[in-house]
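Number of protein chains: 2
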Amino acid sequence: MTETTLLVSKIKDGTVIDHITGGHALDVVKILGITGKTNGIVLIAMHVPSKQLGLKDIVKVEGRELDQEEVDKIALLAPGASINIVRNYQVIDKKRVKLPSLILGIVKCGNPACISNSNEPVQPIFYVEQEEPLRLSCHYCGHIMEKKDVLQQF
Amino acid sequence: MTETTLLVSKIKDGTVIDHITGGHALDVVKILGITGKTNGIVLIAMHVPSKQLGLKDIVKVEGRELDQEEVDKIALLAPGASINIVRNYQVIDKKRVKLPSLILGIVKCGNPACISNSNEPVQPIFYVEQEEPLRLSCHYCGHIMEKKDVLQQF
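Protein chains in written order, with numbering that gives the first Met the number 0: chain S, 0 to 153; chain F, 0 to 153.
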């Protein structure tokens with residue numbers, strides 16, 4: 000069947016994001032800015048069985064590699080994800096995302112009164128209190144951000 | 000490779016929407032209300048080569064069949080799409096979507112002054128002037144709706 004062949008076709012150059020927490024593939028797609036207008040093959044699998052995770056999602060993106068901010072954002076949603084760089088059909092690099100203990104800059108505090116939301120030049124800083132389910136606490140005001148709060152910003 | 004095997008795995012029961020106009024897979028996913036919280040395997044392929052369409056998208060959804068309103072909405076975005084019903088790993092029915100000449104009810108007129116947007120009990124009616132790129136004209140006020148206008152409503 001043609002469609003089966005197409006779905007299985009390997010990516011020549013690009014990135015495979017594997018072991019995404021089940022249900023977060025479309026969030027990863029959003030983080031990567033993938034829309035219908037993006038070029039290149041994109042393959043997305045949602046809710047496939049995984050020994051490690053129960054259910055996992057996979058996103059394969061042809062023709063691009065991820066920058067650090069994209070990887071950090073993925074780590075917030077899917078701390079078990081692995082990023083595989085593919086060149087000429089071969090996986091040349093494979094690494095797990097890693098959630099740092101401090102989140103700098105990529106998440107804004109949900110407390111409007113927080114000094115990081117004022118006009119002061121204050122970079123948002125969060126402590127990772129818990130990875131899964133995600134729980135971040137603001138360095139300045141102690142406000143707690145959960146995964147759904149973070150997702151709204153991506 | 001495990002991930003390859005998983006991507007190619009057939010759907011036991013569900014629907015394969017094939018020959019979606021390239022770039023519209025995520026719109027189809029939205030029409031079907033698929034989010035991370037939906038159950039069942041979902042496979043999405045974007046921008047894969049197609050003899051007929053140049054580039055096409057494919058969406059496979061396990062565990063559900065589509066209702067007529069969903070099929071009609073898909074026809075507006077991707078008039079070349081085919082809907083394959085799968086039961087017990089076999090395609091038991093395959094049909095092309097068909098854009099009717101009159102669109103009843105599923106698109107609202109973008110002209111706020113149109114009588115179909117008043118409090119009167121007037122069902123929106125559009126004539127399909129052109130399938131691709133989509134061009135609908137309102138029966139009541141002649142307002143033209145293009146694909147992007149329709150997409151905003153889905």
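There may be inaccurate statements among the hints.
Same chains, same names: a pair is fine if it fits in one copy or spans any two.
Claimed, not checked - Calculated cross-link-like contacts (lysine-lysine; reagent style PhoX-like; alpha-carbon spacing at most 20 Å):
id, residue 1, residue 2
1, Lys97, Lys11
2, Lys36, Lys146
3, Lys9, Lys29
4, Lys107, Lys36
5, Lys147, Lys107
6, Lys94, Lys146
7, Lys147, Lys11
8, Lys9, Lys146
9, Lys50, Lys147
10, Lys93, Lys11
Treat the hints as calculated values from the structure; they're not laboratory data.
Item to check | Structure versus earlier hints - violations, ascending order | outcome: Structure breaks hints 1, 3, 4, 6, 7, 8 and 9.
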